[in-house]
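Student: Here's the letter readout for the chains.
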Amino acid sequence: MELILKKEKLKEFLEQLSKNYEIIAPVKEGELINFKSVKDFTKVVMTYQKSIKSPKEFLFPQCEELYKYKFSGKDVEIKPAEVEKKPKAIVGIHPCDAVAIKILDKLFGWDYKDELYFERRNNTLLISITCNTPDWSCFCTSVEGTPYDADGTDIHFTDTGETYYIEGKSEKGKQILQDNNNLFTEAKKEDKDKVEKIKKEIMEQVPVKFDIKKVTENMDCIFDSKLWDRISVKCIHCGACAYLCPTCHCFDINDEGNYEEGKRIRCWDACMFGHFTKMAGGHNPREDEKTRYRQRIFHKFNYYIKNFDTISCVGCGRCIAECPAGMDLVKTLQLIEKGAEHE
Amino acid sequence: MEDIINIARELIKRDDIEAIIGYEKGRAPFQTVPFFARTPEDCDKLIMNSLCVNNLVSYINQFSGKVAIFVKPCDAKALVGLLQEHQIEREKLHIIGINCQGALNPKKLRNAIKGRMVKDWSINGDKIKVYYESGEEEFNIKDFLLDKCPACDTRTPPIYDELLGDEIKTADLPELLARVKELEKLPAAEKQQYWNEHFERCLRCYACVKICPLCYCERCFVENASPQWIDKSNNLKSNKAFHLIRAYHLAGRCIDCGECDRACPMDIPLRELNLKMRKSVEEHFNYVPGKDIDVPPPLSTFKKEDPQDFIR
Amino acid sequence: MEEKSAKTDWEPRIVGFVCNWCTYAGADLAGTSRLKYPPNVRLIRLPCTGAIDPLFIVKAFQSGADAVLVSGCHPNDCHYTSGNYHARRKLTVFKDLLEFTGLDPKRFWMSWISASEGQKFASFMEEIVTETKKLGPLKGYNN
Amino acid sequence: MSSLYVPHKAIIHQVIEESPDTKTFRFKLADEKLHKEFDFKPGQFCEFSVFGEGESTFCISSSPTRKEFLDCSVKKVGKVTETIHKLRKGHTIGFRGPYGNHFPVDELKGKNLIFVGGGIGLAPLRSLIQYVIDKREDYGKITILYGARSVADLCYERDLKKWYKAPDTDLILTVDPGGETPEWAGKIGFVPTILEEINPSKENAKVITCGPPIMIKFTIQALERMGFNPEDIITTLEMKMKCGIGKCGRCNIGHIYVCKHGPVFTYAQIKELPQEF
Amino acid sequence: MANIGVFVCWCGSNIAQTVDVVAVAKAASEFKDVVYSVDYKYMCSSPGQNMMIDAIKQHNLDGVVIASCSPRMHESTFRSAAVLAGFNPYMVEMANLREHCSWVHDNREEATKKAIELVRMIVAKVARNAPLNKIYVPVTKRALVIGGGIAGIQAALDIANGGVEVIMVEKEPSIGGHMSQLDETFPTLDCSQCILTPRMVEVATHKNITLYAYSEVDSVEGFVGNFKVKIKRKAKCVIEELCTGCGLCTQKCPVGKKGEVMNEFEVGMAPRPAIYIPFPQAVPNIPVIDRENCTYFKTGKCGVCAKVCVAKAIDFNQKDEIVEEEVGAIIVATGYDLYPKDSYGEYGYGKFKDVISGLEFERMVSASGPTKGKVLRPSNGKPPKNVVFIKCVGSRDEKHGISYCSKICCMYTAKHAMLLHHKCPGAKAYIFYMDIRATGKGYEEFVKRAMEEEGAVYIRGRVSRIYKRKDHLVVVGADTLTGKPVEVEADLVVLATAIIAKDGADKLAQILKISYDTHNFYNEAHPKLRPVETNTAGIFLAGCCQAPKDIPDSVSQGSAAASKALALFSKKELEREPLISRVNEEFCVGCLACQPVCPYNAIEEKEIRDRKGNLIKKVAHINEGLCMGCGACAVTCRSGCIILEGFTNNQIFEQINTFENLISKFEPTPEETVAKK
Ligand SMILES: Cc1cc2nc3c(=O)[nH]c(=O)nc-3n(C[C@H](O)[C@H](O)[C@H](O)COP(=O)(O)OP(=O)(O)OC[C@H]3O[C@@H](n4cnc5c(N)ncnc54)[C@H](O)[C@@H]3O)c2cc1C
Ligand SMILES: Cc1cc2nc3c(=O)[nH]c(=O)nc-3n(C[C@H](O)[C@H](O)[C@H](O)COP(=O)(O)OP(=O)(O)OC[C@H]3O[C@@H](n4cnc5c(N)ncnc54)[C@H](O)[C@@H]3O)c2cc1C
Ligand code: SF4
Ligand code: SF4
Ligand code: SF4
Ligand code: SF4
Ligand code: SF4
Ligand code: SF4
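Chains as they are written, first to last, in the working numbering: chain X, 167 to 509; chain Z, 9 to 320; chain V, 781 to 923; chain G, 3 to 279; chain Y, 297 to 973.
Just so you know, these hints were derived from the structure itself, not from any lab. Because the structure is a prediction, the values reported are computed rather than measured. Just to be clear, a hint being listed does not mean it is correct.
[Claimed, not checked] Pairwise CB distance ranges, derived in the manner of DEER restraints:
hint, chain 1, residue 1, chain 2, residue 2, range
1, Y, Glu588, Z, Glu26, 49 to 57 Å
2, Y, Asp514, G, Ile18, 58 to 66 Å
3, X, Ala446, Z, Lys127, 49 to 57 Å
[To be verified] One-sided and incomplete, this derived list gives chain Y residues near chain G with beta-carbon spacing under 8 Å:
hint, residue
4, Met297
5, Ala298
6, Asn299
[As the list claims (entries may be wrong)] Selected chain Y positions facing chain X (in silico; Cβ < 8 Å):
hint, residue
7, Glu326
8, Ala420
9, Ala423
10, Arg878
11, Asn880
12, Glu882
13, Glu950
14, Thr954
15, Glu956
Note that beta-carbon positions come from the ideal geometry of N, C-alpha and C, so glycine has one too.
Required output: the full structure, derived from the provided sequences and hints.
Tutor: Have a look at this one:
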């Protein structure tokens with residue numbers, strides 16, 4: 167099902183959608199593009215270079231309550247948290263970020279199904295858009311992704327200039343398009359060709375940087391390489407890369423509150439932080455930037471494959487673009503591609 | 009350029025120098041990244057230009073031996089701070105000072121070229137020339153300086169073993185604290201709104217803390233867990249507490265290298281807070297950080313005659 | 781009209797961080813002298829004003845205080861000789877920061893009240909409460 | 003809703019002081035029915051919460067064969083454990099679990115079992131020892147070697163007395179040199195040394211060892227010298243944990259998650275892991 | 297998680313009248329962790345205390361909150377009671393329901409509400425309290441007295457008589473200080489030497505006192521109860537054990553005969569040889585060789601003294617020697633100096649021979665002095681007729697001199713006028729003064745006597761100039777009472793020069809790590825309540841090193857300092873409150889920001905080394921013996937590595953956080969109130 171939406175009709179479309187969904191869409195905040203819950207749809211920026219954060223936080227919030235507790239005498243009252251009921255539509259998500267959600271699904275569904283996550287997940291509509299402004303840090307094509315293939319989303323947009331070329335992906339998505347068909351026109355052959363051309367052009371803008379097969383093969387024998395010492399020195403072990411990454415999912419669980427009542431929350435944590443694995447008594451199996459940086463890379467390009475059969479990086483390039491120390495994942499992977507001996 | 013490579017090559021040959029801390033070219037257009045040269049061959053990669061933005065001082069303690077380090081005036085001020093606070097040993101440093109006429113904001117430049125592929129670029133006087141695949145373009149350096157640079161009054165490092173570059177004359181500097189003064193004039197409610205909007209956005213990734221050369225605590229107060237000083241929740245309440253205390257901890261110590269500002273992925277204007285603290289410390293205690301190794305930081309001492317107008 | 785009645789119902793909450801030797805004792809004296817002041821203040825006793833961390837102040841605001849008071853011995857009279865001087869420096873700077881980030885200056889008070897100034901303590905409490913009432917509840921700190 | 007992370011309430015029934023820094027907490031799930039239905043295997047662990055303070059990971063040190071109460075033995079080391087130590091009878095705690103794998107109780111059937119424990123490391127072993135003693139006929143000879151820094155640091159005094167009397171069971175106790183009292187009748191020396199001294203037969207035997215990392219290291223070296231197969235050496239691993247269910251991302255050693263694939267591993271498995279724990 | 301008991305006191309009706317104590321106790325019983333809550337008429341009474349003790353046992357309490365009066369009143373009462381019950385006293389805290397609530401509020405409902413909140417906050421704090429144990433610091437029962445003036449002598453004798461060993465270090469060859477230079481002393485005009493000399497001798501002979509004369513303190517390490525002191529004994533070149541004190545050497549020494557070396561003791565009014573005993577009553581009565589002026593040391597030839605000494609006590613090869621002593625307390629009594637001669641050009645001091653200082657006048661009137669007690673004009677050796685005394689020379693003069701009052705000049709000038717009257721009948725004393733400050737016992741009467749009975753003429757006014765007219769000095773001034781200029785033709789002018797801190801007082805302070813004011817006088821710990829203590833525990837002050845004072849004050853301070861030291865020595869170990877700060881060495885980064893804020897110099901740098909001795913890092917270390925628990929360091933440490941026991945962040949945060957809770961519990965939030973309407 168391929169349709170055409172005039173750009174000026176986008177607002178109307180979102181308004182229709184907002185009857186049943188909370189609309190999450192990219193908006194401009196200062197210089198940044200950020201996904202926000204929007205009411206004023208004129209603010210929505212469908213065509214953008216890179217949102218600073220990925221929209222993963224709408225499924226897996228940076229900080230969420232697990233339950234509340236309240237003491238009365240020696241007894242405690244526990245009130246489990248509830249997830250917002252209103253369905254969400256994440257509009258304008260780039261393919262890389264959409265793929266990332268599929269990656270997260272695996273972890274949160276691993277043996278123990280994380281209800282909080284899936285409650286939101288199943289209640290969320292994904293409307294993706296072809297990313298036609300990749301930048302120097304993007305490398306989705308190197309990790310088996312494309313800037314336009316949004317597998318797993320419900321509806322996909324492509325900006326063709328004056329119009330959006332729209333593909334219904336899932337049944338749910340197709341139904342929504344159907345319900346609003348007064349807004350669309352049927353796509354024609356030339357529209358399709360135009361889109362194909364656009365896609366091809368963008369592909370060229372994101373040249374493949376390394377052979378991911380080779381990289382993942384080499385991972386197994388590179389754990390003890392001296393390479394890690396060298397490349398990790400720069401890292402200042404902040405959480406920027408992990409917090410911006412659409413696939414990073416580590417979290418911490420904490421109690422917050424006062425003497426008598428409070429809540430247990432979970433909030434994002436980053437494997438780059440020193441205290442992440444620091445155990446009571448002071449032992450820390452990953453106590454320097456080397457081991458921590460290595461963990462991050464191995465987690466994404468080795469462990470994740472072993473446990474979930476996929477790498478957990480979508481090549482969005484955020485960790486590269488935003489790393490204050492200039493750590494460059496692509497360079498790291500290129501070194502790994504060359505193999506351990508290359509150092 | 010030749011210069012620094014030659015100097016570095018000579019230095020690294022010395023037995024006592026473990027590494028040279030400098031910059032190399034990054035993959036992105038206009039990007040330079042910290043680089044640690046350990047062999048004469050490494051030295052060839054070293055560069056030094058107006059796009060070298062990172063404050064390298066934080067890396068010194070990564071090395072156990074003596075290191076040589078390239079420092080801009082900002083970095084050197086940070087060194088002063090660290091020496092003042094017993095964090096590094098002067099004997100373990102060989103400081104190559106660089107006179108600085110201001111550093112450029114690579115992100116701004118990248119925005120200006122609007123995604124075109126850059127082959128190369130060069131700096132000539134007050135112009136930067138960018139060579140694309142086809143064609144070239146010239147920009148005014150002035151328009152791309154980092155925020156901290158135009159008003160900077162320290163163009164020569166306050167501490168060094170050898171000094172490179174021509175002496176830089178500055179005249180008619182714009183006022184450093186102009187923005188602070190502007191914000192001060194806002195009514196309380198607007199100030200609060202301004203900052204709440206920023207604080208609300210904070211990710212608590214601590215890039216600002218970790219990059220700061222003067223945030224060297226082994227355990228930052230935000231990591232203090234028993235008791236938890238600042239809730240881990242990322243909400244206005246705890247973000248605000250974090251920001252207030254962070255800025256306060258740098259009062260009288262922040263040397264305005266602007267690294268926190270640059271590091272922050274969420275564009276939170278940390279520098280404005282830092283400058284407010286700078287203003288406060290200077291106004292009340294007549295102290296400017298990054299100048300004198302031998303005086304204790306202003307919040308570790310007092311004078312009996314310190315002002316106390318607001319105290320009842 | 782609505783607004784007003786709501787406001788009269790509301791009572792400001794004030795947290796005071798005071799040193800053990802002067803202001804706490806001054807408050808004791810206000811008590812022994814049977815001076816009256818509004819019941820809105822909760823004092824937290826510390827050995828010295830020098831032991832008051834700015835984070836306490838932030839936490840107090842965030843826990844719902846509408847105004848915060850720090851009070852200790854007059855200059856030169858610190859039980860530990862210099863704690864109040866250090867506190868003065870630190871809080872001068874911190875107060876600037878609070879104001880810069882939008883706190884009304886009338887919500888953060890600092891004073892020197894000695895053990896013999898029961899009267900000063902009582903009337904100061906009176907003043908803080910009155911001033912805070914004028915400002916209304918503190919918003920933007922607690923969420 | 004978020005039942006994965008929401009603990010069950012449990013009530014402390016008894017607090018037993020084991021050593022100066024270790025206490026055993028005997029508790030029961032507040033919901034009677036739940037408590038009855040609750041099942042686990044020796045070696046599994048749980049998440050134990052003190053509300054307002056946080057959660058910590060402990061193995062269940064009682065045996066599933068004794069269902070009346072659940073036991074956790076807690077060493078005071080940090081924030082949560084310090085608060086746990088303040089708990090008294092009647093206090094309410096939170097309990098999630100059981101999590102992780104367990105000792106291969108079926109595989110062990112018919113084998114001679116050698117338990118080597120040190121300090122608080124006896125906690126997970128205790129569950130298995132009780133289990134094995136309760137199903138005595140299923141298993142071969144039992145040898146228990148248990149050591150601690152000093153006499154005061156030996157845990158589970160009451161159990162030790164019972165094990166001493168258990169059929170076909172050898173119990174050897176030792177304390178580190180200098181840790182003995184004048185009355186001490188047991189051995190004096192480090193666990194690995196004593197292990198080599200008593201030199202148990204490796205025929206049809208499995209060793210289950212648990213204790214401080216340094217003890218494990220030397221115990222395994224000793225066992226290898228004595229000719230035990232890595233497959234026959236079973237131990238548990240410890241990594242920092244938060245969720246206990248393979249999500250929070252910190253307890254992995256390589257791709258292995260201690261909370262899900264562990265905490266029980268054979269030495270053969272451990273040898274395959276990256277040395278990052 | 298704790299078992300806390302709350303005891304709400306009625307304080308008769310003091311609390312109960314305005315606060316509904318029953319309601320408070322009931323509310324408290326519902327707080328988290330409170331297992332027992334009760335109200336009682338008088339908690340501080342012995343049945344009240346017993347009630348607490350019983351409840352501790354019965355309810356297995358590990359925390360106690362007494363909700364009654366001010367902790368400043370009864371905290372120690374209840375903590376001591378807790379100790380009797382075998383309960384850790386630091387688990388007892390008080391909520392102040394009387395001074396801070398019932399007495400200051402009228403409205404019963406509001407006061408009750410506040411009382412409940414106060415209790416709640418303290419309950420929350422107690423829940424975070426940790427049992428603490430008193431700190432014991434061993435004490436070396438020996439004292440060091442620095443300075444052998446009257447203040448030091450008094451302190452040393454008091455301590456020695458208290459049965460404790462004393463080490464006395466005196467810089468000069470003899471003890472005695474300034475008092476030994478005085479003639480008669482105000483206000484009784486008794487002879488200074490007569491009362492001082494026996495005390496000096498007592499010092500020398502006391503079995504508990506070791507005297508190191510001609511010595512100085514080189515370094516001090518350690519802390520209260522445990523000081524290690526290095527003392528430099530300057531070479532006397534005379535073997536003390538052999539010397540009989542016959543003084544033959546001093547007579548034969550060829551130096552000084554021509555006045556090339558002047559006697560310091562005589563304030564430069566008489567010469568002395570290179571080997572000398574400063575004054576006849578000196579203690580120890582053993583000469584020293586002034587190596588700077590000794591011909592032997594200058595030229596390598598002479599050695600007359602050695603030749604004449606029958607006891608063979610002269611040893612030119614003696615070297616300065618460092619001795620080490622361990623002491624538990626230090627008393628500093630280093631006295632004062634006088635305002636330097638050349639500072640007062642307009643008074644012609646140093647220019648005109650007949651302008652002398654008060655101390656020179658003292659020596660002049662002293663029977664043992666250079667003039668054998670006769671007042672003579674230095675210029676011609678004749679008795680003066682008119683003598684002008686000028687007070688406040690340097691003192692109270694911020695422009696040229698010092699801002700403070702030297703305190704004793706009024707008195708000794710009056711004394712001098714009398715002495716002049718006695719020793720030089722017919723001579724007339726004119727005294728220029730700004731004020732007369734005669735505040736001691738019998739002082740006012742003394743001054744009156746000088747004016748009325750001894751004929752001293754007091755002129756209120758400042759002297760502007762002194763010049764020479766023929767044989768006389770003309771003193772020009774203004775009488776501020778009459779407003780008229782005055783001129784006195786004087787034969788002798790005596791300046792009451794200001795008392796200033798001892799030369800080198802600052803250096804000694806740095807060695808001792810005590811603080812000093814802008815004038816280099818040592819700072820007392822508290823100007824009113826701890827006048828003889830310094831901020832460094834175990835170091836006390838006596839005499840003029842702290843501020844100008846007269847002999848009675850110096851002596852009382854000497855005794856006071858001695859009693860402080862004796863109190864310190866009264867126990868085997870020093871017992872200290874455990875409410876002090878500790879450094880978490882794991883996280884300390886050694887920035888030492890904390891160091892300068894500590895008023896007691898309790899923080900030092902500590903090196904942490906691994907087993908092989910390699911330096912791992914440097915951290916701050918707080919000396920338990922010195923920390924007073926002010927908490928300044930804890931706040932200064934940015935990473936929270938310093939924990940102030942008893943007021944930990946854990947406790948304070950909880951107190952503050954409880955506040956938040958109170959709002960939801962007891963009062964709708966403002967928004968809710970609005971919503972309800
Ligand atoms: C599978 C397993 C079984 C264990 N069984 C026992 C036992 O039976 N008895 C016992 O005394 N201890 C046991 N431990 C160790 C125990 O979990 C830690 O000592 C405890 O979590 C420390 O908590 P804390 O809050 O006091 O320390 P803090 O240092 O304050 O740590 C804060 C939080 O970090 C996590 N954490 C820190 N250290 C560890 C650690 N070593 N392991 C896991 N999480 C950690 C916890 O979530 C803890 O709450 C076990 C650990 C694991 C992994
Ligand atoms: C002219 C004049 C007249 C006075 N008349 C009277 C009077 O009539 N009545 C009266 O009450 N008061 C009088 N006073 C005041 C009196 O002199 C002082 O009150 C008294 O001497 C103070 O004693 P002290 O022990 O504190 O100091 P000092 O007498 O100064 O003694 C200090 C001692 O310490 C020694 N010392 C100094 N530094 C060191 C060091 N670093 N190491 C070792 N030893 C050191 C000195 O050598 C000296 O022996 C008079 C003062 C003056 C100037
Ligand atoms: S890689 Fe970069 S963003 Fe990530 S932790 Fe290191 S410095 Fe921070
Ligand atoms: S690892 Fe970096 S490039 Fe990969 S998905 Fe995460 S942020 Fe994007
Ligand atoms: S770098 Fe920015 S987003 Fe990250 S913690 Fe600092 S202020 Fe917040
Ligand atoms: S606070 Fe920011 S500007 Fe100041 S020193 Fe640190 S990084 Fe530089
Ligand atoms: S608490 Fe006060 S006295 Fe103690 S070490 Fe700290 S600053 Fe010094
Ligand atoms: S301020 Fe803190 S980190 Fe710095 S030296 Fe003192 S205790 Fe250590």
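Student: Hint by hint, say whether it matches the structure.
Tutor: To see whether the hints hold, each was checked on the structure:
no.: 1; hint: Y:Glu588 - Z:Glu26: 49 to 57 Å; in the structure: holds, 53 Å
no.: 2; hint: Y:Asp514 - G:Ile18: 58 to 66 Å; in the structure: holds, 60 Å
no.: 3; hint: X:Ala446 - Z:Lys127: 49 to 57 Å; in the structure: holds, 55 Å
no.: 4; hint: Met297; in the structure: holds, 4 Å
no.: 5; hint: Ala298; in the structure: holds, 6 Å
no.: 6; hint: Asn299; in the structure: holds, 7 Å
no.: 7; hint: Glu326; in the structure: holds, 7 Å
no.: 8; hint: Ala420; in the structure: holds, 4 Å
no.: 9; hint: Ala423; in the structure: holds, 7 Å
no.: 10; hint: Arg878; in the structure: violated, 17 Å
no.: 11; hint: Asn880; in the structure: violated, 12 Å
no.: 12; hint: Glu882; in the structure: holds, 7 Å
no.: 13; hint: Glu950; in the structure: holds, 6 Å
no.: 14; hint: Thr954; in the structure: holds, 5 Å
no.: 15; hint: Glu956; in the structure: holds, 6 Å
Hints 10, 11 from the earlier list are contradicted by this structure; the remaining hints agree with it.
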